[in-house]
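There are 2 protein chains.
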Amino acid sequence: MYVVIEGIDTAGKSTQLDILNKNHSDAIFTKEPGGTEIGTRLRSMVLNGEAKSKVAEMFLFLADRAEHMEEIVKPNLDKMVISDRSLISGIAYASSMPIEIVTSLNLIATQNTLPTHVVLLELSEKELKYRLSQKENDSIEARGIDYLLDIQNRLKQTVKLLNLNHLFVDASLSIEEISKQIEEFINE
Amino acid sequence: MYVVIEGIDTAGKSTQLDILNKNHSDAIFTKEPGGTEIGTRLRSMVLNGEAKSKVAEMFLFLADRAEHMEEIVKPNLDKMVISDRSLISGIAYASSMPIEIVTSLNLIATQNTLPTHVVLLELSEKELKYRLSQKENDSIEARGIDYLLDIQNRLKQTVKLLNLNHLFVDASLSIEEISKQIEEFINE
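The listed protein sequences correspond, in order, to chains A and B.
Every number in the numbering used here is 955 more than the matching position in the first sequence, counting from 1.
Every number in the numbering used here is 955 more than the matching position in the second sequence, counting from 1.
Isolated chain A, as found in the complex (with noise of 0.2 Å):
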């Protein structure tokens, strides 16, 4: 069983992978890019803009992608996996390329292996904008709420060319109606 848990950035992922580490004690959890010591590294080299090519940093995320399948994902299928991203979010947020291209490339990387269950934490625009105005803006949220959107729209795109099973949940619900929702979804 691999359930990955998707979203933009304050939809609330960490808060519900809390509450799931919490219930299920006895899951794998692990994430993407970073869930390897060689990904952990790769992840940095690209964070601290390393690579001068794009191209070259999307392939640097391949390559973590394909080496977290192979040590933690694969190994680990007949227990639960429970992963802070997939590649959902590797072809949502590599938007420079056509969605076609950069699919093929992720199932390449992860060798067809995909998620069992896929989460999705969707924010409506007026939600995101209130969430964004509480906080200090990183790097990625500095791009402004239209790139955000545009992200979140790929994600669900995403999770639909590849006819994933799937759960997308409104993010403003209360954080235990959300819990709730998930773990009905992940035990159905």
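Heads up, none of these hints are tricks.
Heads up, the list lumps identical chains together, so a pair's fine if it works in one copy or across two of them.
Only pairs whose alpha carbons sit at most 30 Å apart, straight line, appear in this in silico DSS-like list of lysine-lysine: (1) Lys-1034 - Lys-1007; (2) Lys-1090 - Lys-968; (3) Lys-1009 - Lys-1034; (4) Lys-1111 - Lys-1034; (5) Lys-1115 - Lys-968; (6) Lys-1007 - Lys-986; (7) Lys-1084 - Lys-1009; (8) Lys-977 - Lys-1135.
None of these hints come from the bench; they were simulated from the model.
Since chain A is already given, all that's left is putting chain B on it; use the hints.
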């Protein structure tokens, strides 16, 4: 002008690159993998076996290639760029994947910029056996003669598949004769 020197180990690339270096002091000499700062680190990650996944290794080499293209090759195409290896090696050595897929990935990495001149130093089986017997084997050479001959075939196949302007030289000729043929080819 983008000249690349290709050939399996022991074919004599380094010797010819040294001669080219003396004859073309105004050219930009570079290499793949490891021709950029980040590329040096990616190359050593792969050589140290830090990635467990073969697919991750391939993506690390593609990231190196994309960065090399963007930082070194493209900005200098108005001069003479001479590179020790290129996407041709990248395609030939990724022998665990179909050549068509690896080719597409490499064309994404190079953003379709292709060598204007390919020099491939070619060894006969007999000459390769002799040369390997004269030196200590490193990890790639230890995989054996059949492996190296297969890579050499894939190098040639790739040059033809990409329809590149090329010179295949018999690497058992004298150093001077090979050098003469290379000079004629790149000056024609």
